[in-house]
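J.: Now for the letters of each chain:
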Amino acid sequence: MIFSAATGISGRVVDNVFLYIVTICIILLALITFLMVYFVVRYRREKHPTPVDIEGSTWLEITWTVIPTLIVLSMFYYGLTGFEFLKKVPPGAMTVKVIARQWSWLFQYENGIQDPELRVPVGMPIKLLLTSQDVIHGFYIPAFRIKQDVVPGMTNYLWFQPTQLGTFDVMCSQYCGLEHSHMLTKIVVLPEEEFTKWYQGKKKEVAAKAPPPGLQLYQVKGCVACHSTDGSPRVGPTFKGLLGKKEEVTTGGKKETAVVDEAFIREFISEPNVVHIEGYPPIMPKISMTNEELTALVDYIKSLR
Amino acid sequence: MTSTGAMESIRPRISFYEDHGKYRGILSWILTLDHKRIGLLYFIFVMAFFFSGVVLGFFMRLQMLAPGTIMKPQTYNSLFTLHGIIMIFLVVIPAIPTIFGNFFLPIQIGARDVAFPRINLLSWWLYITGAIIVVISVFTGGGPPDTGWTFYAPYSLRTTVNVPLAVFGVFILGMSSILTGINLVTTTHRLRAPGMTWNRLPLFVWAIYSTSWVQILVTPVIGITLILIIMERFFGVGVFDPAKGGDPILYQHMFWIYSHPATYIMILPAMGVISDVVPVFARKRIFGYMAIAISGVAIAAVGSLVWGHHMFVSGQSDFADILFSLLTFLVAIPSAIKVFNWVATLYKGSIVIEPPLLFCLAFIFLFSIGGLTGLIQGALAPNMHLHDTYWIPGHFHYIIFGGMGFGLFAAFHYWFPKMFGRMYNRKMAMRAWAVMLVGFNIFYFSMLLLGWEGMPRRYYDYLPQFRSLHLTATFGSWILIAGLILMFANLFRGLFKGEKAEDNPWGGATLEWQIPSPPPTENFEKIPGIRHGPHDFKELENNG
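Sequences listed follow chains A and B, in order.
Residue numbers for the first sequence follow the working numbering, so the first one is 1 and each next one is one higher.
Residue numbers for the second sequence follow the working numbering, so the first one is 1001 and each next one is one higher.
It is worth saying that the hints were derived from the structure and are not from the lab.
Fair warning: there could be bad hints in the mix.
What the hints assert, rightly or not - Okay, derived cross-link-like pairs now, SDA-like style, lysine to any residue, Cα gap no bigger than 20 Å in a straight line: (1) A:K255 with B:K1244; (2) A:K286 with B:K1244; (3) B:K1348 with A:D53; (4) B:K1244 with A:E271; (5) B:K1244 with A:D134; (6) A:K47 with A:S57; (7) B:K1072 with A:P233; (8) B:K1072 with A:Q161; (9) A:K88 with B:F1319; (10) A:K286 with B:K1500; (11) A:K88 with B:G1236; (12) B:K1348 with A:K302; (13) A:K240 with A:R266; (14) A:K302 with A:I269; (15) A:K186 with A:A5; (16) B:K1348 with A:K203; (17) A:K88 with B:R1190; (18) B:K1427 with A:R44; (19) A:K197 with A:G279; (20) A:K47 with A:L35; (21) A:K47 with B:A1243; (22) B:K1427 with A:A5; (23) A:K286 with B:K1427; (24) B:K1244 with A:G153.
Said to hold, decoys possible - Chain B residues, not near chain A, derived (Cβ > 12 Å throughout): (25) S1028; (26) V1054; (27) A1066; (28) T1147; (29) M1175; (30) R1190; (31) I1227; (32) M1231; (33) A1282; (34) V1343; (35) K1348; (36) L1372; (37) A1501; (38) P1528; (39) F1537.
Given the structure is predicted, the values throughout are model-derived calculations rather than measurements.
Idealized CB from N, CA, C, for every residue including glycine.
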C-alpha cells in the first residue's frame, strides 16, 4: 500500500488541513495548466496570425490579487487552528521524558523506569519532554503526523493521544551525524491493563535497587546505537570478543598496538577519543556513568566472548 | 573605456570575441573588463559546477537503489552536503545574475558596460577563489564536510571534518555576490540610455535589479554567521554551542535570515527571464507590466521577512511560528500574480512554439507546483508532519530546479544565438525538453510522496515501506539526466557546428536584438535613444 494511514487525534487534525489545502492547490494547478495549454493551442501562429494588443487590466489584477489573498488566508487560518490544537496539551496527560543522543533514544517515565522504546496506554494523552545530550535531533512519529526538534540546552515538548493499538515508527528528523538514518525506535500502544502491568513490573525492578545489569545499561546509555553484541559491524567495534583484542592506536601522534583490557575500556568511556583507534571514526560521545555502572558495563562486555 | 562617436564610426565593427583587448590568449579572458567576457567566464565555471552537482545527485539517487551496498554512510553524508553547497552557492545563486545579468543587463538598458568594470572582474576572481577553497576543503583536513549545506550548530561545531575551510569558501562567495549586486544596481540607476525610463525597462532588468538589492542587504548576515562558526571552532567563542552557553536556535535565525531571501535571489532572475521571453513568442506585450515589476519588488521585500518558516519545529515561540506562517502565505500572492500575468500574456497572442517558450511553459507548470506545495508546508499543522521529510527537497527542487533551472535553460535557448552567433538544433532542443519534463516529474513527485509517507531527509538508508517510491525516484532521475545530456550535447554541438544565427532570430524588441550577433565590444556604436517599451513588436505596430 502506498499511503500509510494516520493514527491518533493529531493524525486526523493534520490530514484534514492537508486535504483542504491540497484540494484547492490541485484545482488551481489544473486551472493554470489548462488555460496555459489551451491558449498555446488556440492562439498558435497558424490559427491566429495577428496578435491582439492588450496592455493589461486593472480590474483583473485586482481580482487575482484579492481572491488568492482570501484563499491563502483561509489556509493560514485552518493551519493555525490545527496548530493550536497540536500545541495545547490536555490536562491529565502522562509525562514522559525523552533523551536524544547520537544515535539513540531513551524514555524516562515518571516512576523512574527507563526504556529505549516508548510504551503507552491507548487513549491516554502523552506529553513528551524532549532533551538532547549532544546535537540537535528531531523526534518524529510519521503515523501521528507530528514532530519536534530536540535541541540541546532547551526542553521542547510534543504531545499526542493514541487511539488505536499497534506499533509505530519513531525517526530522527533532524540530521545529527553519521548514523542519523538509524536513529529509530518504536512507539508501542498497549491496552491499558497490559500497560499498567508492564509499568508496575518495571517499577518493582527499579525499586529493588539492584545494580542495573550491563545489558540494561547497554540499551539505556545508548551504546546499542554503535556497538553490536553479536559480532556484526556497526560504527564502533562490536562488544563481542572486544576484551583482549589488539588494536592499532594513536595517542598524541604516537602509533602503537594496544590490548583492549578493562582499564582501556574504562578510560575510553570516561575520556573518549583521546586515544584514536585505527579503523573507527573519532566520534564516541562522552557519556556520564558512575563507577558502579562502569563496572557493570565492563562485566557485561566481559561476558560476551 | 568610452571613445568618441566619431572614432567609433570609422572602427570596423568586430565582435567581442575578436577584440581581445590589451591581452592575448587566456589572459584576454581572465583579465578582461568586458561585461560579456566576464559573463562567459561565469558561464563556464557555473556550468562545470552544475555538472559536478548533478553527478553528486546521481550517486545519491544510486545509493537509494540498494542502501548499504554502494557507499559508506559517511560518503553519503558528504555527498548530500556537497551537492547542496555546490548547487546552492556555486550554481543557483550566481547563475542568472552573473551570466545573463552581466551579459545582457548593460545591453538591455543601452549601456556599453556595467558601472564598475574592474569591480566586476574582482567579483569573478572572488567567485573563483571561494569555489577553489570549497573544492580544497573536500580533499584536505578531516575530509569533506558532512553537516548538510545548512551547517547547523552545534553539529557543525563538533564534527571532525573540514567544516571551517568550506565555510570560509562560502564566505568569500558571499563577497562576490555583494559586489555583483552593487554593480548591477548602480548600472541600472546610472547607465540607462536616454529615454529608458523605469516603465520601459525590460522585465529581466527589473528582476535582476530587485535581486541585486536582496543580495546587497542580506548577504552580510550569512558572512557574519559563517565567521562566527569559524571563531567558535577555533577560539571556542560560545555563541551557538549550548555547552558553552550559546544558542543553536540563534544560529538558525542568522542562517535563514540570509538563506531564505537567497531562494528569492535564485528565483527572481528566472522570473525575469520568463517575463521577457513569453511576450516575444506570444508576439504581444506582457500582460500587466507594472503588476509584474512591482510584484518582483514585493517578493524581494516580503520574502526577506519569512525566514522563520524554516524553524517551525525548532522550538522557537508559537507566536513566531504563527507570524512567520502568515507572512509566508502573503509572499505567495505576488508570485501568483506573476503566474496569472504570464498565462494572460498568451491570451490572444500569435504564439510561435520554439524551445525558449517551451522551457517557459515548463517553468510556469513546475514553479506552480513548487509554489502550491509551499502553501501546504507553510500551513502550521501540515508542517508538523512535512518538516524535514523528503517533501521539503521535493518542494524546493520544484522551485529551484523546475523554476530557476528551467528558467536558466529558457535563457540558454533564448540568448544562445545572440551570445555565440550560432543556432542549435531546435527540434533536438524540444525533444530534450520533453524528456527532462517527464523525468523531472517522476523524480521529484516521488519525493513529495515519500515526504508525505514520512521519509525523513538526509537518510542514507530507509525502512522497507519507502522502497517502491525510492526506486521510482531513482528511475526518474535517470530520465532527467538523459534529458540534460541531450540538451547540453545539442547546445554544445550548436556552439561549434550550428548554422550562423541572424541578429534577431526571434523578433525580439529589446535592445540586445538590435545589435549584431555576437555583439561588438561596447555593444553600441551610438548610445540609442529609447522611445518605446520592451515588447513593442512589429506585428503590433502594423496592426495599428
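J.: Does the structure keep K286 of chain A and K1500 of chain B at a Cα separation of 20 Å or less?
T.: Roughly 68 Å between the alpha carbons, so the hint for K286 of chain A and K1500 of chain B is violated.
J.: Does D134 of chain A lie within 20 Å of K1244 of chain B when you go C-alpha to C-alpha?
T.: holds, 12 Å
J.: Does K302 of chain A pair with I269 of chain A here, judged by a C-alpha cut-off of 20 Å?
T.: Given that 20 Å is the threshold and the Cα spacing comes to 15 Å, the pair holds.
J.: What's the verdict on K1072 of chain B and P233 of chain A, does the C-alpha distance respect the 20 Å limit or exceed it?
T.: holds, 12 Å
J.: Under the criterion that the straight-line Cα-Cα distance not exceed 20 Å, is the pair K47 of chain A, A1243 of chain B satisfied?
T.: violated, 70 Å
J.: CA of K240 of chain A to CA of R266 of chain A, is that 20 Å or under?
T.: Holds, at about 17 Å.
J.: Does the claim that P1528 of chain B lies off the interface hold, with its Cβ farther than 12 Å from every Cβ of chain A?
T.: At roughly 23 Å from the nearest Cβ of chain A, P1528 of chain B sits farther out than 12 Å, so the non-interface label holds.
J.: Given the proposed pairing of K197 of chain A with G279 of chain A, does the C-alpha separation stay at or below 20 Å?
T.: Judged against 20 Å, a Cα distance of about 45 Å means the pair is violated.
J.: Over 12 Å to the closest beta carbon of chain A is the bar; see if V1343 of chain B clears it.
T.: Given that some Cβ of chain A is not farther than 12 Å from that of V1343 of chain B, nearest at about 5 Å, it is violated.
J.: Decide, holds or violated, for the assertion that all CB atoms of chain A are farther than 12 Å from the CB of T1147 of chain B.
T.: About 8 Å separates T1147 of chain B from the closest Cβ of chain A, which leaves it inside 12 Å; violated.
J.: Does K1244 of chain B pair with E271 of chain A here, judged by a C-alpha cut-off of 20 Å?
T.: Holds, because 19 Å separates the two Cα atoms, which is no more than 20 Å.
J.: Would you check whether the claim that I1227 of chain B is not at the interface survives, using Cβ distances to chain A and the 12 Å cut-off?
T.: holds, 21 Å
In this structure, the earlier hints numbered 1, 6, 8, 10, 11, 12, 16, 17, 19, 21, 22, 23, 28, 33, 34, 35, 36, 39 are contradicted, and the remaining ones agree with it.
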